[in-house]
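Protein chains in written order, with UniProt numbering: chain A, 1 to 602; chain B, 1 to 602.
These aren't lab readings, by the way, just hints derived from the structure by calculation. Wrong hints could be hidden among the right ones.
The list makes no distinction among identical chains, and a pair is therefore deemed to hold if it is satisfied within one copy or across any two copies.
[What the hints assert, rightly or not] Here are the simulated DMTMM-like cross-link-like pairs (lysine to aspartate or glutamate), alpha carbons at most 20 angstroms apart as the crow flies:
(1) K124 with D297
(2) K124 with E413
(3) K176 with D113
(4) K314 with D113
(5) K515 with D442
(6) K176 with E519
(7) K314 with E143
(8) K314 with E472
(9) K145 with E189
(10) K176 with D302
(11) K176 with E522
(12) K176 with E520
Just so it is clear, the structure is predicted and the values come from calculations on it, not from any experiment.
Protein chains: 2
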Amino acid sequence: MTAPNRATLWGRTLVDELTAGGLEAVCIAPGSRSTPLTVAFAEHPDVTVFSHLDERSAGFFALGRARRTGEATALVCTSGTAAANFHPAVMEADQARVPLLVLTADRPHELRDSGANQTVDQVKLYGDAVRWYAELPEPEATERKVRNLRTTAARALAETVGVEPGPVHLNCPFRKPLEPTCRPGDVSEAFGDTLAGRGRSGPFVETTSGTRTLENEQYDALVEALERAERPLIVAGPADPADLTTLDPDTVVRVADRLDAPVFADSLSGVRFGAHVDAGDGASSSVVGGYDSYVDDLPDPDVVVRFGASPTSKPLRHALRDADARQFLIDPAGTWREATFTATDLLAASPGPVFEGLLERLDAGAETTANDEWLANVQAAERRHWAIRDDALAVDTLEDEPFEGAILASVFECVPETATLFVSNSMPIRDADRFARPRAADLTVLANRGASGIDGIASTALGAGSALDTDEPLVLVTGDLAFYHDSNGLLAVDRCGVDATIVVLDNDGGGIFHKLPIEEFEPPFTEQFKTPHGLEFEALAELHGLEFERVDPTGFEAAYQRSLEQAGTQVLAVEFDAEASHRRREELREQVRDAVRSTRDA
Amino acid sequence: MTAPNRATLWGRTLVDELTAGGLEAVCIAPGSRSTPLTVAFAEHPDVTVFSHLDERSAGFFALGRARRTGEATALVCTSGTAAANFHPAVMEADQARVPLLVLTADRPHELRDSGANQTVDQVKLYGDAVRWYAELPEPEATERKVRNLRTTAARALAETVGVEPGPVHLNCPFRKPLEPTCRPGDVSEAFGDTLAGRGRSGPFVETTSGTRTLENEQYDALVEALERAERPLIVAGPADPADLTTLDPDTVVRVADRLDAPVFADSLSGVRFGAHVDAGDGASSSVVGGYDSYVDDLPDPDVVVRFGASPTSKPLRHALRDADARQFLIDPAGTWREATFTATDLLAASPGPVFEGLLERLDAGAETTANDEWLANVQAAERRHWAIRDDALAVDTLEDEPFEGAILASVFECVPETATLFVSNSMPIRDADRFARPRAADLTVLANRGASGIDGIASTALGAGSALDTDEPLVLVTGDLAFYHDSNGLLAVDRCGVDATIVVLDNDGGGIFHKLPIEEFEPPFTEQFKTPHGLEFEALAELHGLEFERVDPTGFEAAYQRSLEQAGTQVLAVEFDAEASHRRREELREQVRDAVRSTRDA
């Protein structure tokens, strides 16, 4: 079918190329200037279109989907402020290495800076936050230009999943007619069937992207250090989306076992949960998760191998900073993601292959040099941590001393074996990191830990949920401020057909500020930091047609189980006093530390 | 009082300097890194702090206030995606020339690009959308650095209201302690009383900003052209905030009267409403507002004098494009804001002084050369326009043929003599421009016509409302998509204590797309363009504690009057069928055109 005009040809060719390259989904916000793109996406059989009304939420929805799949999701908006509304999600995609393909429609060149309506400067709009920026030339139905368009589209998609995956921005100027209105002579018949493609399936340019691995001799320093280590430690930080598919946690565990090294597995690392975790009490495995409580009371590790982003646990970050250790940092992009500036060796390679190479090279038969007590001590501390947590979760105790961490513990403990959990920034992710025990279950745990904003939380979660099989539950745990911040994102439940169990930890404001010294300064503490709002979220749930239940901390597990077994989306709101929760966290941490110290000193 | 540490000194000095320079209000979103700024603003007696939870809404609220006052409003956020959430408002402020001072807290230099949490690249975050970008150096309690800080603060404020007013971005890195925690020796006693100011009131550097006026001989071409014109036309486009204070519409009318020229006054020009408008039937004045209907059927003007931004009326823009006329464009910034590229003369000077100069130079006694019929024809067409509109508003007619424009007509007609009206983009502003009759009332009419987005509408309106005397009503007219888009902005009603009458024209989706050719293409019209959402806004109103009433088009005036007389905030939702409204608009336009044509041809 010959395109009725050049704008339509342009949109169709671009979308044809992107889908040939494997693009499966696009989030579109309505607009006029983007009509050629919208129409082309809507008519293409191989791409799922998610329609959003708020571009900020659209951006985060696309981010969430790309985060869950590891593959690019596209975004389309019209010209003007619409494009600026994508900026927060683009920023997060940059920091968190999430492949995102941003297509912003623009007005033709001559209208820029002319005072024309809805015309702003979209050139390099997201600055250095994108891996690649390109501006499409004006649509024209010539072989050369269409070839250029296909090449640009193929490249854009490849750049989102390059050595350092991330966002790519294509700015797309169009002139009228934008609709598929027939304009005789605008497009020759030759473009009818081929859209100037190669007449075969697959992309115009097939990108084969190599993996960054170490040469033989590049392992030497690492192997030698580990073989001599007395207190080796593996730290698995929050995973990049690519790690979740290219890194087999079982390989990490086997390397750890060969070294008698513990693995400090961040709740977002992809290593804390999975079949590789010891199915027993979860604490005889080398994979541990309670270190936030006890890392201060362990002896320093002497060799650290770290991969993933900066760990969620601040005590761990500080321990790594203060340790007198040789620290190897494995990063596929080699971008020096190391904010304590204590790493001694940077290995610019993919962690998956590096661990496979290590397993081959570490002598399976040899005695490990690791101090006998090192791993045993860590595991003993780990057992203390979970025992104390379990005591705190007992119904009687919880009734007297409710705290937000108890909800995170239950959320992870009661969820079925296969599930995706999205945890908001601020306190929920910290509580998950502290109170979610390693488990032999296929849990995909996600958060926006790139820039760690509290914006776009619901949308990111629902975007991740849009990629799940129908029988895999999606759970979102959020604080009240984050829930309010992306209240518009809830529209996706209905519009995009994604169900979730949404747990709102409602402490009426910014509970995290109770952790900071500003708590002591009143005013302005309550009015400018804690910022209580008194919002009753039941009305918000009603606006979006969601079931709403207010539950007590002790009644949470039952309500949560019910929701997991139910269809539809339920919002479970649990009220807490932020200050009391914060005190309880500190108490529990002190209890673990006391126990660890008394064992150590005995 | 000596500052307890350098971060506190830095925050206090910056805020002290900004308030000395006249800054009266700041919008703050809670965050940790911004603590020194937040604390300093909160403790300063001369500045009003508006606390917001969503940075996007905060940005638009500040924009609205600055738009209404013409003076800078400041914005404060923490590091990370928070700053990106300001981007849409910054973009609008750029395009609409609104003074906005954006203060983004940042982490210290060494943490940038280190993988540290909540650390992103904020350097020149808004690209060329700001008039000035500067990064503060690290806080240090030395005379020279503090002098630099004061100079930077004074300059930042001055740049927001320079030759082309607009946004300014100061990126502000801080290191811990961020709170006013005492750190002995960090700040010497000398900074206690003075904060290194000059020990006198007023800013550290007093900026005296000249006005751009024309030299004597620079009037020659303009005066000569006008004195010879047969069909002179003055076009008052949407006003910059500065125009609303520096341009006296009475002077424009007096010039027009001397020339027998009509003034095509955009509803946003500051010229359509005011004491200068003839108090009679509003159509014997030279100020006319119905030209959208009849401009196509007038003879071409031969000399056009235009000021303000590009007119809202598309028929007017096209008529100017197609006219064989000498077109003078008066723009204080001289930025060639002229998207039809037909202007022949650009006068880079402030419109106010130019019209005063014209009035002096146009010979008061001389016969005007204007064609006798020119003004009379325009005024006759104008009378037709309003007569036909009035017929359409008659209750019986309206009952049979309701249309959105009727609401806009009533909104402007029934509002008290002094009021501020904020009108959303998309259809409401177009309907206001068509159906709001010139009136001798002190109406301040505002919209976000810089980039013309439908984001941030409620926040911008409430921000404008925050600057009003308590007895001046604030009215917001919005479509349903815009109402949903900035639903978070409604929190400001309670948190910032601003009341409004909020009129929601609910046609369940993007009614404007019925105006476009895409309407003919189904699919994807309904799903991707019209995007019906079925949201029941009553729940949204309830979430924010607002009164809600669903009214019929014929019952609107009564409900509107009640709301204007009441305290508190009322949401009046009026349901429409977008397609029917669009057809009705077209019908009315055709009726006026037929009437004008039949008179002309008679």
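- Query: Honestly, which of those hints from before does the structure not fit?
  - Reply: Checked against the structure, the hints that fail are numbers 1, 2, 5, 7, 8 and 10, while the rest are satisfied.
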